[in-house]
Amino acid sequence: MCGRYTIRHPQRLDPALFGVDVIPMDAPRYNIAPGQEVLVIRSVRGARAARLATWGLVPSWATDPAIGHKLANARGETLADKPSFRDAWRARRALLPADGYFEWQVIAGAKQKQPWLITLEDDEPFALGGLWESWRSPEGVTRLTTTVITTDANDATAHIHDRMPVIVPRASWGAWLPDEGDVPPAALITPYVATPMRTVRVSTWVNVTAHDDVKCVEPLAVDGDA
5 MCGRYTIRHP
15 QRLDPALFGV
25 DVIPMDAPRY
35 NIAPGQEVLV
45 IRSVRGARAA
55 RLATWGLVPS
65 WATDPAIGHK
75 LANARGETLA
85 DKPSFRDAWR
95 ARRALLPADG
105 YFEWQVIAGA
115 KQKQPWLITL
125 EDDEPFALGG
135 LWESWRSPEG
145 VTRLTTTVIT
155 TDANDATAHI
165 HDRMPVIVPR
175 ASWGAWLPDE
185 GDVPPAALIT
195 PYVATPMRTV
205 RVSTWVNVTA
215 HDDVKCVEPL
225 AVDGDA
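The working numbering applies: residue 5 is where the sequence shown begins, and numbers increase by one.
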């Protein structure tokens with residue numbers, strides 16, 4: 005799963021890198037959580053744009069937007085089959101800029117799970133694979149929503165959790181964003197191996213979604229650390 009992520013260095017989100025005119029974010033985010041507004045890159049009729057969307061997908065056919073609380077993640081293995089995701093998988097894929105994400109490790113004998121911050125080794129920004137939907141309320145208000153796609157963990161993160169978000173390699177961003185009539189890139193639903201990754205223990209401060217400060221990402225000193 006992927007329940008939290010970061011954009012600690014928004015100044016590194018170069019619009020040219022993502023092929024958009026502007027990135028509508030200038031403040032760092034240390035604990036992005038479902039239900040919050042998140043940055044998405046999408047392509048509509050061949051034009052890329054960066055928009056803010058609510059994290060938690062609400063399919064266009066939904067009668068109650070509360071379904072989004074259950075759809076913060078989408079399993080990559082079943083995208084083509086699940087009614088909540090299959091149309092968006094074909095035509096409304098998105099990239100979610102990030103520079104880290106959190107996973108929680110079960111520790112034998114411990115009452116709480118251990119949170120870890122996971123980044124690329126060079127700490128550069130990357131893109132999570134996602135989907136987007138546009139939902140219209142009975143009152144006529146349109147709401148843009150999104151979900152993060154997950155897959156099996158890679159070797160660098162499997163000791164923490166058996167799942168990880170799909171990270172789309174930079175060279176494949178163009179193939180990920182849909183063009184009219186293209187075939188969904190199922191081969192990209194795979195554990196990330198393009199570049200090395202770093203895993204760092206952090207404190208349970210990050211467990212609280214209201215906490216969105218640098219304390220969420222500070223390395224945790226534990227017995228045995230140098």
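Since the hints were made in silico from the structure, they are not lab data. Treat the hints with care, since some could be wrong.
[Said to hold, decoys possible] In silico EDC-like pairs for lysine to aspartate or glutamate, Cα to Cα no more than 20 Å straight-line:
id, residue 1, residue 2
1, K117, D166
2, K115, D127
3, K117, E41
4, K117, D127
5, K219, D91
6, K115, D91
7, K74, E41
8, K86, D159
Hints, one by one, checked against the model:
1. Distance check on the hinted pair: K117 and D166 sit about 14 Å apart at the alpha-carbon level, within 20 Å; holds.
2. Restraint check for K115 and D127: not satisfied, since their Cα atoms lie roughly 31 Å apart, outside the 20 Å limit.
3. A C-alpha spacing of about 26 Å is found between K117 and E41, which places the hinted pair above 20 Å, so the restraint is violated.
4. As the CA atoms of K117 and D127 are separated by approximately 24 Å, the hinted pair breaks the 20 Å bound.
5. Distance check on the hinted pair: K219 and D91 sit about 39 Å apart at the alpha-carbon level, beyond 20 Å; violated.
6. The hinted pair formed by K115 and D91 fails the criterion: a straight-line CA distance of about 40 Å is larger than 20 Å.
7. Taken as a hint, the K74 and E41 pair is honoured in the structure, with Cα atoms around 16 Å apart against an allowance of 20 Å.
8. The suggested pairing of K86 with D159 is violated, with an alpha-carbon distance near 28 Å, which exceeds 20 Å.
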